[in-house]
Every structure is written in structure tokens, then in C-alpha cells.
Amino acid sequence: MSTPVGRRGILFGGAAIGAGALVTACTGNTPAGTAATSPPAAPAPAGDNDKPGEKVVIGFSAPAADHGWIAAIAKNAESTAKQYSDVEFKPVEPTNDINAQISAVESLIAAKVNALVILPNDGQQLNQVARQAADAGIPVINLDRVFPDKLSYRTWIGGDNYGMGVAAGHHIGKTLKDKGVSNPVILEIQGIATLPLTQDRSKGFEDALKTYGFSVTAKQDAQFTVESGTKVASNLLQAHKKIDAIWNHDDDQGVGVLAAIKEAGRNEFFMVGGAGSANAMREIQAGSGVLQATVTYSPTMASSAIKLARLIAQGKGMSDLVENGVPQSITLASETVTKDNVDKYLPLGFES
Numbered sequence: 001m002s003t004p005v006g007r008r009g010i011l012f013g014g015a016a017i018g019a020g021a022l023v024t025a026c027t028g029n030t031p032a033g034t035a036a037t038s039p040p041a042a043p044a045p046a047g048d049n050d051k052p053g054e055k056v057v058i059g060f061s062a063p064a065a066d067h068g069w070i071a072a073i074a075k076n077a078e079s080t081a082k083q084y085s086d087v088e089f090k091p092v093e094p095t096n097d098i099n100a101q102i103s104a105v106e107s108l109i110a111a112k113v114n115a116l117v118i119l120p121n122d123g124q125q126l127n128q129v130a131r132q133a134a135d136a137g138i139p140v141i142n143l144d145r146v147f148p149d150k151l152s153y154r155t156w157i158g159g160d161n162y163g164m165g166v167a168a169g170h171h172i173g174k175t176l177k178d179k180g181v182s183n184p185v186i187l188e189i190q191g192i193a194t195l196p197l198t199q200d201r202s203k204g205f206e207d208a209l210k211t212y213g214f215s216v217t218a219k220q221d222a223q224f225t226v227e228s229g230t231k232v233a234s235n236l237l238q239a240h241k242k243i244d245a246i247w248n249h250d251d252d253q254g255v256g257v258l259a260a261i262k263e264a265g266r267n268e269f270f271m272v273g274g275a276g277s278a279n280a281m282r283e284i285q286a287g288s289g290v291l292q293a294t295v296t297y298s299p300t301m302a303s304s305a306i307k308l309a310r311l312i313a314q315g316k317g318m319s320d321l322v323e324n325g326v327p328q329s330i331t332l333a334s335e336t337v338t339k340d341n342v343d344k345y346l347p348l349g350f351e352s
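Everything in the sequence shown is counted per the numbering used here, starting at 1 for the first residue and increasing by one.
Each hint can be trusted.
Under the rule of at most 27 Å between Cα atoms (straight-line distance), these lysine-lysine pairs were calculated in the BS3-like manner: (1) K262 <-> K241; (2) K55 <-> K82; (3) K210 <-> K339; (4) K55 <-> K112; (5) K316 <-> K150.
Label pairs and their in silico Cβ distance ranges: (6) N183 <-> K262: 22 to 30 Å; (7) D97 <-> G137: 24 to 32 Å; (8) E323 <-> K344: 26 to 34 Å.
For the record, the hints were derived by calculation from the structure and aren't laboratory data.
Source: prediction; values computed, not measured.
The beta carbon of each residue, even a glycine, is placed where N, CA and C say it ideally should be.
Kindly generate the complete structure, drawing on both the sequences and the hints.
What follows is the structure in C-alpha cells.
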């Protein structure tokens, strides 16, 4: 969902990070008063884990904020770090240049930070520098785009791309079944088709639709940009005179998709978005257009990554779990946001 290569929740509250928030399976900034680029105000710290402890320095590296979801990642990480008097937040310059990000991470290793939170531009290409950090005794919290070598990170936290597709597929499949539609025309607008995350989303969508006896009629990738979203949607609308449903993988590019739909004056179908942007949620809330739902991939995962980094650096576990240490892998659930529950999710949305 960004010039992104991978992506996107929940803010872990209460005493440290509640196990109830760590849902695996089945998924992204906001203006004041609706949803914000930083997480909603956290509840007052409670429990031993949230009490001030040993001072720790947490390094942070992420791609450039040229996409709404990535911008929210950085803001969520910073605002969460500020909630703790025992955390010094040490971010490096965000960049989309692989070599520049490697150099930036190396500077954090040289600074001997206590923990590193890294959202790599590309997990494969930054794997070696993450391993250097781990070998230097610095725990790495791998955010979203995974490093292939498990020795390169202490804990991975991220969204469920396959689950996004499953959630979108079930919403579309059930809606069409309930309407009694047979042989529906279902279109899919992907992000970047060559990326594993996109392929996972498409596979989840395909698998879920199969349970209803449906399949994708046509799909095209829109590169995670507003401009491409407009162009691709326009082409698909011209090619299909009748459409029953559309799944757009990414709410950022969805701004362009919705613009093309409005320009064409088409409204015979409904659409499901992806990632959970505040823009999309406000469209859903208004109920005046084709956008009926979005499936989440929330950038609040960055807030959770900072909390995890702090716990790991201080040698603590998660208060709602029996185990003494933080889990090695945490996959966040993909939630389906509709008009019925949008008020609950809007505070966690990000601005496209």
C-alpha cells in the first residue's frame, strides 16, 4: 500500500500489551476531530510494565513518508515513544534508498542503541544490516516487511496480507450471495502485482471467493498511487459495462479509484477498500457512494513495535501472557470496517 513494498493494528493498552490485542489471522493518519496521524490518547499507564523502568534508547528506521500509511507509521512510533519517560527515541532520516537506509541503520548500531525498530524498504536487501545489529547484541523489532533470516530479528510484528484478501473476499461473497447474484462480475485492483504482499492479498481474496462459488473476473495493478488508481479504474470501468463488486487493495490508491468512479457516474456496484484509511472510513460513514467497507492493515502496528522494543530492551515480558518473554512473531488481524462499526475504527484511521 505505499511506494511501499509491504505493510500494515491495534494500540496495545492497559498493563503493557494485552494478549487480547494479539489476534492472529484474518487488516495503513487523520485530521483532528476524526482520526489522527498519531494514535488516539492512550489510557493512563497501568501495571508494572508501564511503570518507568531502566532508561532505554530505541532506534527507528523506516522508508520516506511519501504515502499516507508510511507517514502514519512514523508518527505513531514517535508519539508512542513520547508516552514513556524511560524511552529515548532515536529516529534516522527516512529514505526510499536502500543503501541510505543501510547506512542509517549502521549509524544506530554504532550508537549502541538498546533496541532497533526497522521497517525496511526491502527485507531481503536490509537483512544483512539487521543481522549485524542482532550479532552486536541489539534486539531488532522487524516491522511489517519481514527479514528472511530469523536470526536478523528478535520479534516480528506486522499485518496479515493473506487475511486482508480473505476478509475482503468474505464480505463481497456474502453480500452478493445474500442479494441472490449469480455469476457476478468481480474486479480486483491490486497494488504492485509483483510484490509477495500483493500476491498474498490476491490469494486470500481468491480463496475466500471460492467458498461462495465465485471468482475474480479481471484484475489489474495500480502501483499504490492515486494517479495509477484513477487510470486503472477508468480502464476497468470502460472494459466492463456491468460490474457487481470491486476490491481495491489500498485506500491510498483508492482516492484515485473513487475519483474515476465518480467521474464515470457509475454506481451499480459496491466496493471494498484496503488498509483502513480515515478517508475511506468517512466515505463509508457517509454512505453516499459505492464504497461499502474497507479491511484494515493499520499503521498503529508501529506504536505496538515501540512498546515491544521497550519491553524487550528492559528484559520484560507481556503482562497478559504467562511466558516471561515477548513472543517472536505477532500477526495483527484484518478487521472488516462497515457503516455498522466505522465509528469504532475511525480513530485508528490514517489520512491518505
